[in-house]
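Asks: Protein sequences, first through last, are from chains A and B.
Residues 1 to 286 in this note's numbering are what the first sequence lists, from first letter to last.
Residues 1 to 331 in this note's numbering are what the second sequence lists, from first letter to last.
These are calculated hints, taken from the structure and not from any lab test.
Treat the numbers as computed from the prediction; the structure is a model and nothing was measured.
Check the hints yourself; a few may be wrong.
As the list claims (entries may be wrong) - Just the calculated beta-carbon pair ranges, DEER-fashion:
hint, chain 1, residue 1, chain 2, residue 2, range
1, A, L113, B, A236, 42 to 50 Å
2, B, V318, A, A3, 15 to 23 Å
3, A, M106, B, D222, 37 to 45 Å
4, A, H102, B, R220, 45 to 53 Å
5, B, D87, A, W184, 52 to 60 Å
6, A, A3, B, I310, 41 to 49 Å
7, B, L158, A, A108, 31 to 39 Å
Virtual Cβ for every residue (Gly too), placed ideally from N, Cα, C.
If you want the building blocks of each chain, they are given just below.
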Amino acid sequence: MKAFWRAFRRNRLALIGGVIVVCLGMLAVLAPTLVRWDPNRLDVKKILDAPSQTHPLGTDQLGRDVLSRMLYGARVSLAVGFVSVGIAALIGIALGSLAGYHGGTMDAMVMRLVDLMLVFPRFFLLLAVLAFLRPSIWTIMTVIGLTGWMSVARLVRAEFLSLKEREFVLWSQSIGASAFRIIWRHILPNAMGPVLVAMTLGIPSAILTESGLSFLGLGVQPPHATWGNILNEGKDAIEIGWWLSVYPGLAILVTVLSYNLLGEGIRDALDPRLRQSVGRIVSRRR
Amino acid sequence: MFGYALRRLVLAIPLLIGITLISFVVIHLAPGEPTEFGTGDTPIQSDKEVRERLIQMYGLDKPLHVQYWTWLTRLIQLDFGRSFSPDARPVLQKIGERLPVTLLLNIIEMMIIVALAIPIGVLSATRQYSTFDKVTTVFVFVGFATPDFWLALMLMILFGVQLEWLPISGLRLPTWEYLSFWRQQWDFVSHLILPILVATFGGLAGFSRYMRQSMLEVIRQDYIQSARAKGLPERAVIAKHALRNALLPIVTVLGLSLPGLIGGSVIVESIFAIPGMGQLMVQAVFERDYPVIMGNLVIVAVLTLVANLIADLTYSLVDPRIRVAARRGRR
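With the hints as extra help, turn the sequences into a complete structure.
Replies: Written as structure tokens, this is what we have:
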């Protein structure tokens, strides 16, 4: 842990990423106490006002304050990122450890399932599923999680394949520990490093996906403010209100960038050798 | 080679069946709660009516195995049914019109990405930690983090609205028929510039990163050392010995990234109003045109499968080691 921290601290970019990630989290949590305007308060007299002292980032077509809406949007984006990556990690860890530990038929089946899921372009699959469901923030989180577990599964499997041959595992097997106990208590804790990295790198990808869906009008539905939603509305006012399009996009960019820097920093500090394997498997977009 | 190709083909069969299974599962989300998007521009049919048509079309009131069998036999005959939208045209025909546009866009994107990413990757690997390398690294991180729809909006504001240099929607001007031949060509190209710019941006970042990584690995190998040791000029070492080996993994990555590119066309086509499969998909979701949605999903997945297969075979063609390894029974 100490060695990890020392290595991590030397990476200035990752440190900056981490600080921004923490700040963003705090902004999102504290949003209700920070905003000057109710994000859903309409004001007919202030339709599409340019940024000013009272509305630092301007107002939208309904006269709502863009800054307040963006702060509330941060809550949605981060929540979607965390929950969907949590779901993806649960599925990925379960399937990956089963495949890696048992090998054989189990392994073949899980890996074919992974191959199969990767054959579907993620956006088409997401849209097809969403067409049948009522789009709420929960469905979005679940669906993004269900279509994003493959990289974690591959990673956990790879870790298990090498770890299960180690002495401490053979020793537990020899005294008759159950498969579940060995997986859960002995192997998994040793495989968590790469998983943590994959999760950190998975959050920005989930945020990009959610904002993309909301931008198309198929994600989190109005009047909930999300960065993608604001951009969707901004698109219609593109010739008058540039501020509606510029700021939410910048927010997404900075968030995703910070998470990526943080994730890569953690990876390099954990084990520089991971650079290839995790990077290869994880950094596929959409 | 032939044996290897055959093996890959056989391995693709379970995946094909899997595609039909997963899409079958997706249909089964239907009888629960159908969607209600408030923003659709077209008149939305009532929930009840849609549900009845779905039950009738896919036989959702019959036992599961009968349903799946019906679904499968229809797929094999390439029968995706008729669109639920008022024109009620066969789904296959609708998709057939859109497919060439999406394919064209994706092929152009792919070519541009490869043409730019290889030199960028090689240069930044051979001059690791130089200014060029640092600049491209920054570009890669920003490229990964930039939402493509936002980039599209920004470019539209800049080139479409402020400068008025480029058209921002569709593939042709409404007055296209009255233009001269060369003006027609330019019109088509100018409509493509912004969408392709947006679509290549993220992919370019990823690929140049892979290329750099792959090149860095190869340069450290012993055979590069020996090539240098026997006195070859650095140019020849890089261009002949290193580049060829570094390119190998890229073929696979290219195949793997295809779903991403095709998926990205959903957003690009929607923003720039390009009549491709992505736009068709989004429209179908808004109109709850389920036969079109399912048709799109299956066809896109099969296309990706075929592309992956081609990438696999190409890889084994350029790298004999793969075939030998496969023959020895470890894949």
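Asks: Hint by hint, say whether it matches the structure.
Replies: Hint by hint, here is what the structure shows:
1. Here the CB-CB span from A/L113 to B/A236 is close to 46 Å, well matched to the stated 42 to 50 Å.
2. The beta-carbon spacing between B/V318 and A/A3, approximately 41 Å, falls outside the hinted interval of 15 to 23 Å.
3. At roughly 39 Å, the beta carbons of A/M106 and B/D222 sit within the given window of 37 to 45 Å.
4. The hinted window of 45 to 53 Å between A/H102 and B/R220 is violated, with their beta carbons roughly 36 Å apart.
5. In this structure the hint that B/D87 and A/W184 lie 52 to 60 Å apart at CB holds, the actual value being about 56 Å.
6. Under the hint 41 to 49 Å, the C-beta atoms of A/A3 and B/I310, about 45 Å apart, fit the expected range.
7. For the hinted restraint 31 to 39 Å between B/L158 and A/A108, the CB-CB distance of approximately 51 Å leaves it violated.
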